[in-house]
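Going by the UniProt record's numbering, the sequence shown opens with residue 1, and the numbers climb by one from there.
Hints listed in this document are in silico derivations from the structure and should not be mistaken for laboratory results.
Source: prediction; values computed, not measured.
Incorrect hints may appear among the rest.
To be verified - Computed cross-link-like contacts, DSSO-like style, restricted to lysine-lysine with a CA-CA straight-line distance of at most 27 Å: (1) K255 - K326; (2) K190 - K122; (3) K94 - K76; (4) K435 - K58; (5) K338 - K290; (6) K144 - K58; (7) K220 - K140; (8) K76 - K221; (9) K223 - K140; (10) K76 - K58; (11) K58 - K253; (12) K260 - K58; (13) K58 - K290; (14) K253 - K144; (15) K326 - K338; (16) K253 - K140; (17) K255 - K223; (18) K144 - K221; (19) K144 - K76; (20) K435 - K425; (21) K190 - K144; (22) K58 - K94; (23) K122 - K253.
To be verified - Using C-beta positions, here's what the derived DEER-type ranges look like: (24) T204 - P278: 22 to 32 Å; (25) H455 - L281: 39 to 49 Å; (26) P278 - A396: 18 to 28 Å.
Glycine included, C-beta positions come from ideal geometry on N, C-alpha and C.
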Amino acid sequence: MEVPEGIQSENFHFETGIMHDGAVEEEPLDVPFTPPLQIVMLIVGTRGDVQPFVAIGKRLQEYGHRVRLATHANFKDFVLSTGLEFFPLGGDAKVLADYMVKNKGFLPSGPSEIHTQRNHLKDIIFSLLPACQDDDPESKIPFKADAIIANPPAYGHTQVAEALRLPLHVFFTMPWTPTSDFPHPLANVKHHMGNRLSYNVVDTLIWLGIRDIINSFRRKKLKLRRISYLTGQYSSLPEVPYGYIWSPHLIPKPKDWGPKIDVVGFCFLDLASNYQPPSSLVEWLAAGEKPIYIGFGSLPVEQPQEMTQIIVEALNITGRRGIINKGWGGLGNLAEPKEFVYVLDNCPHDWLFPRCMAVVHHGGAGTTAAGLKAACPTTIVPIFGDQQFWGDRVHARGLGPPPIPIAEFSLENLIDAINFMLEPKVKQRAVELSKAIGSEDGVEGAVKAFHKHFHQSRALIVSNTKRGFSVRRLLHMS
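Sequences and hints are given; from them, build the entire structure.
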């Protein structure tokens with residue numbers, strides 16, 4: 001596999017100023033003072049989806065805000081351990097991950113999956129209103145949100161914001177705003193001419209699949225009028241600000257995104273400082289060269305034993321040491337121990353990846369960010385959703401080989417990927433991007449974006465209240 005030559009180090013300008021809104025400026029943006037607020041974060045997804053919002057929530061606390069993170073019960077202990085308040089949303093993160101892997105994304109692949117997924121989505125959507133206004137489930141301390149932060153898979157966040165007349169700010173780890181620069185990560189678009197249209201197509205497909213649930217939620221729980229099936233949309237309200245959680249050094253803000261869209265940087269949560277690694281891991285790491293990490297996090301894999309065999313053989317043939325993360329997928333069940341392989345149950349990426357020479361993973365946004373921050377050449381094995389998108393971005397920057405779809409995960413392809421990552425020029429690019437990411441503070445960027453848009457959103461709500469608040473007005477239909 002040939003390493004591309006046409007990627008220059010000057011693509012990365014990491015010593016030129018302060019990063020805000022996806023652009024380098026000499027001075028930070030002027031952010032107005034925001035009094036202490038009660039903020040609810042409505043976050044749906046896997047651990048990798050939740051973790052950046054924990055980092056943002058903790059920083060919001062430092063600004064004096066009270067922050068409630070509402071997400072799946074699977075993450076209750078994790079959220080509470082960070083000092084944030086927790087409120088349970090409907091749905092099970094593991095069930096959601098299983099579904100996403102089986103169906104390669106949000107949309108069901110067959111009739112048998114539709115009923116199960118719709119019930120799952122209904123549980124999530126109908127739990128959003130209590131998350132915004134119910135007392136704390138354990139302390140019973142009253143809570144009433146002043147503002148909502150959400151990610152798009154919460155599905156009903158725009159409806160709740162309308163009903164409660166609260167400022168809403170959407171943050172996400174993958175693009176959800178139409179642009180001509182790249183297609184929607186959930187759309188299979190081969191030609192750049194279809195990039196911008198792909199966002200409307202995905203938005204419409206999701207809306208058509210959940211419109212009856214949304215309208216039931218609006219009528220029964222929110223006491224709002226139904227939205228017309230023809231004029232309604234799932235998420236693309238033009239007045240809602242969006243913040244994107246990735247480094248603008250990796251993906252610059254598209255020129256066709258307006259002032260309500262920010263690219264704030266990756267949002268990292270420090271887990272390494274409190275991590276106590278097992279002595280066996282420390283000793284194994286010290287006994288040889290840096291290993292290659294292989295793992296798929298909280299995503300299940302369909303043939304873990306076969307994949308484990310491929311991984312071990314590839315490491316043996318290339319003469320490299322490797323760490324296999326068992327995760328939820330059940331990797332790493334070896335017939336007999338191998339000196340060059342260490343099987344790991346769980347470990348913070350920000351502790352482990354700086355001790356690795358390269359990483360192979362599913363391409364979740366958070367895992368991708370952690371690997372790039374640690375200057376690790378990266379191979380992405382996409383399973384569903386935005387993972388192919390991140391694999392394409394990594395390869396386009398010369399930081400790793402073309403992504404290997406999970407169905408094409410073979411001994412030959414993995415060996416080629418390892419050899420690609422070990423090329424000195426690939427490591428050089430990874431180091432350059434790592435320095436650029438290290439110059440950013442995505443968490444602070446997210447908080448400043450929230451404060452900046454909060455005042456604008458609240459003023460708009462006041463104006464719309466005087467005129468008669470409606471989704472139609474927000475959609476510029478009246």
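Hints versus structure:
1. In summary, the hint linking K255 to K326 is not supported, as the alpha carbons are separated by about 41 Å, beyond the 27 Å threshold.
2. Proximity of K190 to K122 is assessed by CA-CA distance (about 33 Å); at most 27 Å being required, the pair is judged violated.
3. Distance hint between K94 and K76 is fulfilled; the C-alpha atoms sit about 14 Å from each other, no more than 27 Å.
4. Taken as a hint, the K435 and K58 pair is honoured in the structure, with Cα atoms around 24 Å apart against an allowance of 27 Å.
5. Restraint check for K338 and K290: the C-alpha separation of about 16 Å stays at or below 27 Å, so the hint holds.
6. The straight-line distance between the Cα atoms of K144 and K58 is roughly 19 Å, inside the 27 Å bound, and the hint therefore holds.
7. Under the criterion of a C-alpha separation no larger than 27 Å, the hint pairing K220 with K140 is consistent with the structure, at around 25 Å.
8. The suggested pairing of K76 with K221 holds, with an alpha-carbon distance near 25 Å, which does not exceed 27 Å.
9. Taking the CA atoms of K223 and K140, the gap is near 26 Å; set against the 27 Å cutoff, the hint holds.
10. Proximity of K76 to K58 is assessed by CA-CA distance (about 15 Å); at most 27 Å being required, the pair is judged to hold.
11. In summary, the hint linking K58 to K253 is supported, as the alpha carbons are separated by about 26 Å, within the 27 Å threshold.
12. For the hint pairing K260 with K58, the CA-to-CA distance comes to about 23 Å; that is within 27 Å, so the pair holds.
13. Only pairs whose Cα atoms come within 27 Å are accepted, and K58 paired with K290 is rejected, the gap being roughly 33 Å.
14. Using a Cα cut-off of 27 Å, the hinted pair K253 and K144 is violated, with the two alpha carbons roughly 34 Å apart.
15. A C-alpha spacing of about 15 Å is found between K326 and K338, which places the hinted pair at or below 27 Å, so the restraint holds.
16. A threshold of 27 Å between alpha carbons decides the hint, and for K253 with K140 the separation of about 42 Å lies outside it, so the pair is violated.
17. Proposed proximity of K255 and K223 is contradicted: the alpha carbons are some 39 Å apart, above 27 Å.
18. The hinted pair formed by K144 and K221 meets the criterion: a straight-line CA distance of about 16 Å does not exceed 27 Å.
19. For the suggested pair K144 and K76, the alpha carbons sit about 20 Å apart, so the restraint of at most 27 Å is met.
20. Restraint check for K435 and K425: satisfied, since their Cα atoms lie roughly 16 Å apart, inside the 27 Å limit.
21. A C-alpha spacing of about 46 Å is found between K190 and K144, which places the hinted pair above 27 Å, so the restraint is violated.
22. In summary, the hint linking K58 to K94 is supported, as the alpha carbons are separated by about 25 Å, within the 27 Å threshold.
23. Simply put, K122 and K253 have alpha-carbon atoms about 34 Å apart, too far for the 27 Å limit, and the pair is violated.
24. The given range of 22 to 32 Å is broken by T204 and P278, whose C-beta atoms sit roughly 49 Å from each other.
25. Roughly 48 Å separates the CB atoms of H455 and L281, a value that falls within the hinted 39 to 49 Å.
26. For the hinted restraint 18 to 28 Å between P278 and A396, the CB-CB distance of approximately 37 Å leaves it violated.
In this structure, the hints that do not hold are numbers 1, 2, 13, 14, 16, 17, 21, 23, 24 and 26, in rising order.
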